[in-house]
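Engineer: As they're listed, the protein sequences go chains D and V. Take the first sequence: its position 89, counting from 1, is numbered 89 in the working numbering, and each next residue is one higher. Take the second sequence: its position 100, counting from 1, is numbered 100 in the working numbering, and each next residue is one higher.
None of these hints come from the bench; they were simulated from the model. Wrong hints could be hidden among the right ones.
[To be verified] Subject to a maximum C-alpha distance of 25 Å in a straight line, what follows is the list of computed SDA-like cross-link-like pairs (lysine to any residue):
#1 D:Lys68 <-> V:Asn101
#2 V:Lys57 <-> D:Ser27
#3 D:Lys68 <-> V:Gly3
#4 V:Lys13 <-> D:Asn41
#5 D:Lys58 <-> V:Gly3
[Said to hold, decoys possible] Beyond 12 Å from chain D on every Cβ pair, some chain V residues (computed):
#6 Gly28
#7 Glu52
#8 Lys57
#9 Arg63
#10 Arg73
#11 Leu83
#12 Gly84
#13 Ser86
#14 Cys91
#15 Ser97
Note that CB positions come from ideal geometry on N, CA and C, so glycine has one too.
Residues per chain, in single letters:
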Amino acid sequence: AQSVTQLGSHVSVSEGALVLLRCNYSSSVPPYLFWYVQYPNQGLQLLLKYTSAATLVKGINGFEAEFKKSETSFHLTKPSAHMSDAAEYFCAVSVFGNEKLTFGTGTRLTIIP
Amino acid sequence: KAGVTQTPRYLIKTRGQQVTLSCSPISGHRSVSWYQQTPGQGLQFLFEYFSETQRNKGNFPGRFSGRQFSNSRSEMNVSTLELGDSALYLCASSLYSGAGNTIYFGEGSWLTVV
Numbered sequence: 001a002q003s004v005t006q007l008g009s010h011v012s013v014s015e016g017a018l019v020l021l022r023c024n025y026s027s028s029v030p031p032y033l034f035w036y037v038q039y040p041n042q043g044l045q046l047l048l049k050y051t052s053a054a055t056l057v058k059g060i061n062g063f064e065a066e067f068k069k070s071e072t073s074f075h076l077t078k079p080s081a082h083m084s085d086a087a088e089y090f091c092a093v094s095v096f097g098n099e100k101l102t103f104g105t106g107t108r109l110t111i112i113p
Numbered sequence: 001k002a003g004v005t006q007t008p009r010y011l012i013k014t015r016g017q018q019v020t021l022s023c024s025p026i027s028g029h030r031s032v033s034w035y036q037q038t039p040g041q042g043l044q045f046l047f048e049y050f051s052e053t054q055r056n057k058g059n060f061p062g063r064f065s066g067r068q069f070s071n072s073r074s075e076m077n078v079s080t081l082e083l084g085d086s087a088l089y090l091c092a093s094s095l096y097s098g099a100g101n102t103i104y105f106g107e108g109s110w111l112t113v114v
């Protein structure tokens, strides 16, 4: 069965600093990988997804993620953090034949002014 | 284009009661799935419907059920509510069923069981 692990349940960065949120996946077949963001009292918003077309995926709000098969990773980055990026971020995986999304435990991002 | 709409947004129920949550997918989307989000268990898949057929089911007791109508709208029902059923229930829709599809989430229904 597929799974994802998000390292760091809480990450704090200063405004303007690099954001790096880590996600490692486990899957015996090629995965589809997603990053979602959840703002307080809201649902999930898709930031970006990897579906094997390109290993570097650009998403909304300046975020991007790179699929690294050798490291089984799909880390999310943003060059310069903004106060509005404060939220919870979820990495998720699905695979052909088991199309449900399997989520990581989430990383709460705090931006320090 | 309207997003995924869930009703009601907030509700409080008593242990032993049942509850029905409703979801209207994005226009044209035929796949609807449901997820439960709790602080302890995180985001867990409940079930997915496509063309009125349940295609996939998560590891939840039979008290949790759902259905999809011909217009793709979906409902989920929880019977004999327990305190542990208190959660945010998220509905999501996509054009088709299948891995890699872009899945869009609604804002959720907050259920509190007292």
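Engineer: Just double-check cysteine 91 (chain V) for me: nearest Cβ-Cβ distance to chain D has to come out over 12 Å.
Structural biologist: The claim is violated: cysteine 91 (chain V) sits with its nearest Cβ about 9 Å from chain D, within 12 Å.
Engineer: Compute the least Cβ-Cβ separation between arginine 63 (chain V) and chain D, then decide whether it is above 12 Å.
Structural biologist: Non-interface label stands for arginine 63 (chain V): nearest chain D Cβ at 19 Å, farther than 12 Å.
Engineer: Per the stated criterion, does the least C-beta distance between glutamate 52 (chain V) and chain D lie above 12 Å, as a non-interface residue requires?
Structural biologist: Correct as stated: the minimum Cβ-Cβ distance to chain D is 17 Å, above 12 Å.
Engineer: Leucine 83 (chain V) clear of chain D by more than 12 Å, beta carbon to beta carbon?
Structural biologist: About 21 Å separates leucine 83 (chain V) from the closest Cβ of chain D, which puts it past 12 Å; holds.
Engineer: Given the proposed pairing of lysine 57 (chain V) with serine 27 (chain D), does the C-alpha separation stay at or below 25 Å?
Structural biologist: Judged against 25 Å, a Cα distance of about 19 Å means the pair holds.
Engineer: Does glycine 84 (chain V) really sit off the interface, with its C-beta more than 12 Å from all C-beta atoms of chain D?
Structural biologist: holds, 18 Å
Engineer: Say whether it holds or is violated: glycine 28 (chain V) keeps its Cβ farther than 12 Å from all Cβ of chain D.
Structural biologist: holds, 17 Å
Engineer: Beyond 12 Å on every Cβ pair: is that true for lysine 57 (chain V) relative to chain D?
Structural biologist: Non-interface label fails for lysine 57 (chain V): nearest chain D Cβ at 9 Å, not farther than 12 Å.
Engineer: Are the Cα atoms of lysine 58 (chain D) and glycine 3 (chain V) separated by 25 Å or less?
Structural biologist: holds, 22 Å
Engineer: Take the C-alpha atoms of lysine 13 (chain V) and asparagine 41 (chain D), compute the straight-line distance between them, and say whether it is at most 25 Å.
Structural biologist: holds, 19 Å
Engineer: Decide if the proposed pair is consistent with the structure: lysine 68 (chain D) and asparagine 101 (chain V), CA atoms, cutoff 25 Å inclusive.
Structural biologist: holds, 21 Å
Engineer: Was serine 86 (chain V) rightly flagged as not at the interface, with every chain D Cβ beyond 12 Å?
Structural biologist: holds, 15 Å
When the structure is compared with the earlier hints, violations turn up for hints 3, 8, 14 and 15 and for no others.
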